[in-house]
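S.K.: Model the full assembly from the supplied sequences, consistent with the hints where possible.
Listed below are the residues making up each chain.
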Amino acid sequence: MQPAAPLPILLYNGECAVCIRVAAWVRASEPGTPVIDVRPIGDDPEAIAQLHPGLDIWDAYETVHLLMPDGSMKTGGAAVAEVLRRLPNTRWSSGLLNAHVGGIRPAAALVDLGYNVLADVRPLLGCASCGSTNAAVRSVHETLDWLGRTLRAERRALVPPFRSASRHVPRLKQKTPV
Amino acid sequence: MNLIETATAATFDTLVLHADGPVAVEFMSYGCVHCRAIEPIVQEVARSIADRERVLRVNVAVEGDLAAAYRVRVTPTFVMFLGGNEVGRAEGPQPQVASVTAAVTNPFALAAVR
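So the sequences go chain by chain: A and B.
Under the numbering used here, the first residue of the first sequence is numbered 1, with each subsequent residue one higher.
Under the numbering used here, the first residue of the second sequence is numbered 1, with each subsequent residue one higher.
It should be emphasised that the hints constitute simulated quantities derived from the structure, not laboratory data.
Treat the hints with caution; some may be incorrect.
Derived list of chain B stretches under chain A, where covered just means 3 residues or more per stretch with a C-beta under 8 Å from a C-beta of chain A [unchecked claim]:
1) 22-29
2) 105-114
In silico negatives: residues of chain A with every beta carbon more than 12 Å from chain B [said to hold, decoys possible]:
3) Ala5
4) Gly14
5) Pro45
6) Ile48
7) Met73
8) Arg91
Even glycine gets a Cβ: it sits at the ideal position worked out from N, Cα and C.
M.R.: Here it is, written out as structure tokens:
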């Protein structure tokens, strides 16, 4: 019996809620024999260096890394694209991701853009360890937040007055002075 | 070369509380972007003051109890110890050599004056 071929290792930030959810999705997407070894980066710099001599634990936390069995390393959007190429449910995207149009790969570029946007908004999605997001993303988030609050206030103002008047509001008892 | 040894719950007493001289402990985590930004500065400062002061680190992602015991609320937080006692702390100093040097050395100078 032949030994199992080594799998690509996907390293994710185990302190980041978004990354944990993505890692769980990858694991759930390989119901049969695993095609990707999904691991949290952890806290041991030496253990990380042993996985790949060119990998530093600080770099591993900076962006997603996929360590390939041939010793190469893919990072960021390229790592995400490679994961999509290998997972059974998304393997169909392989041709799309590899397709060249005018010297560029549009689908791969879109994945890269998507990864970078997600990486930027992680602090807003529950990653306390991912730092503060950039000013542009923050202002969009603040605008959406303001819009949401305004719409909620407008909706409250539109509720017919008889609704609130029909509520029974008990009178508060006067506190006895000590 | 990494000059900064990692202290754990098992080694904290020996390396920090029972240390002979002044010790600055950086409470950090590898997933913290601010800790990453300050890392090369901390290495440089640790090298420049190695003859009079030791700089150690505690990874709060692993040593949550130690972080709680020393009321660490943000990373990086530097806590300075002398003779087993805390003599000062600095939360998130600017990632500049002068700022980090002042953060990890001034409390000992003040303690010497007292």
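S.K.: Does each hint fit the structure? Answer for all of them.
M.R.: Verification of the hints:
1. Only when three residues or more bring their CB closer than 8 Å to a CB of chain A does the claim for the segment 22-29 of chain B stand; here the count is 1, and the claim is violated.
2. Counting residues of the segment 105-114 of chain B whose C-beta sits closer than 8 Å to any C-beta of chain A gives 0, which falls short of three, so the coverage hint is violated.
3. Under the 12 Å C-beta cut-off, the non-interface status given to alanine 5/A relative to chain B holds; the minimum distance is some 30 Å.
4. Residue-level check failed: glycine 14/A sits 8 Å from the nearest beta carbon of chain B, not beyond 12 Å.
5. The beta carbon of proline 45/A sits about 7 Å from the closest Cβ of chain B, which is not more than 12 Å, so the claim that it is off the interface is violated.
6. Taking the minimum C-beta to C-beta distance to chain B, about 9 Å, the non-interface status of isoleucine 48/A is violated against the 12 Å cut.
7. A cut-off of 12 Å between C-beta atoms confirms that methionine 73/A is not in contact with chain B; the least separation is 18 Å.
8. Against the 12 Å criterion, arginine 91/A stays outside the reach of chain B, whose nearest CB is about 31 Å from its own CB.
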